[in-house]
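There are 2 protein chains.
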Amino acid sequence: MSAAARTASVPERRAARPEQVYQKLRDLIVRGQLAPGSRVVETDVAARLSVSRTPVRAALQRLQQEGFIVDSPALQQSRPTVAPLTKEDARELFHIVGEIEGLAARWAAGLPAAERGRLAEELAAVNDQFRRTADAKHPNHNRLWELDEKFHRCYVEAAAGPRLLGLHGAVKPQAERYERLYVSLLTREITTSVAEHGAIVRAIRAGNVDAAQFAVVTNWRNAAERLGHVIDNVGERGRW
Amino acid sequence: MSAAARTASVPERRAARPEQVYQKLRDLIVRGQLAPGSRVVETDVAARLSVSRTPVRAALQRLQQEGFIVDSPALQQSRPTVAPLTKEDARELFHIVGEIEGLAARWAAGLPAAERGRLAEELAAVNDQFRRTADAKHPNHNRLWELDEKFHRCYVEAAAGPRLLGLHGAVKPQAERYERLYVSLLTREITTSVAEHGAIVRAIRAGNVDAAQFAVVTNWRNAAERLGHVIDNVGERGRW
DNA sequence: CGATCGTTTTTTGTATACAATTGGGAGGGT
DNA sequence: ACCCTCCCAATTGTATACAAAAAACGATCG
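For the record, the sequence lines run as chains D and V. Going by the working numbering, the first sequence runs without a break in its numbering and finishes at 240. Going by the working numbering, the second sequence runs without a break in its numbering and finishes at 480.
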């Protein structure tokens, strides 16, 4: 359903509009098309998407609570701007994602043996694809990122309850902002990631809850470390 | 203009109204004065607080995203109801709080030695009060809960970044809903808590990040366990 | 030339009218 | 009595007019 069709008065379940605005804006932010630090003006967004300010406000409030948008600190009144990308924020964010997915992995390793087995199979398969893609001469960054994301989403969806799922859905895409900025500089480190994924799969298969959680948390701590180094070398790309 | 004439008191910074509505509703939910499962109607709330639906909507959307309010699953359309209290939800929630505060404790233990020392002193003092209050003949449940809350808030505020702080502020009060329901039945277990707090203080003072995190997570895992038993014995109080 | 004050413009907060969807209830049929 | 249908009332989604507050601009004065 394209934008053109939307303006052409297609009914569309009515409660879906704020969600669409949210998705659209989030996508623009995650992909960097809305630069960090840039203002987001309700009326502009509303005009561009040909809706009123009401659904736009709903979307903006959600994005703000999740952290994609912040109130510009320099200004006094609430003036929403795209959240800047900084080294400290990256550190905090990655550690939080690590804890969220770590908890999910712990629960995954605590599932009944049958489910656990099936899940481990699936994870191994994804990680295999991941390894093969990484071994190619010119690895496709996008595809690599997608496979990594799929790997983690796998056990999260299998084991997390509604609350952890919600948290994951809100927080993880923000890590994506950093990952997308620096993927090209992180590919060298990917072989490490393949090994770390292997440890996760083994722990889940064995039903070792502590090992599963630890493996996931470690994976993210290392990712934060690697990203920190890259940012040090390149400078903070997202700073206006 | 009824809003301007409302309770004709302080002008009140105008951006503060949604926040006030949010606080008011959250308080009612946490204290159980809005029963789990009961409907929350925009127009009713607006009328009771003599504001328009606009700030009420903002507050409701926030409460919904945080999990205090859910869309009644039976109904098809979005119909906000106070989130029910169930054993599974309690389990998930407590484990999540454990991870959040656990991460904060890890960072607290990683602070410079000077700050760490001061923080440890403060924590020890609070835990002392906690112990003394618990040792009284007729312990004041409310005060006990407040002291426990203060203890944890202490190191969270000292070490957490803006993101973890936000998460903590949104998630922890939901655990409070369960704690308030069952405090009277959990007092026996409080001596255990005092000991667990001691372990946290020692780990932070020593700068042992792993031990600090582990102690906090364990504290919450045990709390989840204890609460689970109580719920088994008493039945789910919050189910309508 | 710079600074301070007042005016205009931009942007968000609020209230409210209206639309749309849905649950419930009245009424009739079997 | 039970069920089915249709209509109404209740409630939320949307658009929009208006108010308030702040930022940007400019003019006047030192």
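Keep in mind that the hints are not guaranteed to be accurate.
[Said to hold, decoys possible] Pair ranges (Cβ atoms, derived):
| id | chain 1 | residue 1 | chain 2 | residue 2 | range |
| --- | --- | --- | --- | --- | --- |
| 1 | D | 149 | V | 264 | 35 to 41 Å |
| 2 | D | 16 | V | 268 | 26 to 32 Å |
| 3 | V | 254 | D | 149 | 40 to 46 Å |
| 4 | V | 383 | D | 31 | 46 to 52 Å |
| 5 | V | 397 | D | 222 | 26 to 32 Å |
| 6 | D | 72 | V | 377 | 53 to 59 Å |
It should be emphasised that the hints constitute simulated quantities derived from the structure, not laboratory data. The beta-carbon is built from N, C-alpha and C at its ideal position, and this holds for glycine as well.
Hint check:
Here the CB-CB span from residue 149 (chain D) to residue 264 (chain V) is close to 40 Å, well matched to the stated 35 to 41 Å. Under the hint 26 to 32 Å, the C-beta atoms of residue 16 (chain D) and residue 268 (chain V), about 30 Å apart, fit the expected range. As the Cβ distance of residue 254 (chain V) to residue 149 (chain D) is approximately 42 Å, the hint placing it in 40 to 46 Å holds. Residue 383 (chain V) and residue 31 (chain D) have their C-beta atoms about 51 Å apart, which keeps the hinted 46 to 52 Å range intact.
In this structure the hint that residue 397 (chain V) and residue 222 (chain D) lie 26 to 32 Å apart at CB holds, the actual value being about 28 Å. Between residue 72 (chain D) and residue 377 (chain V) the CB atoms are about 54 Å apart, so this pair conforms to the stated range of 53 to 59 Å.
Hint violations for this structure: none, all hints satisfied.
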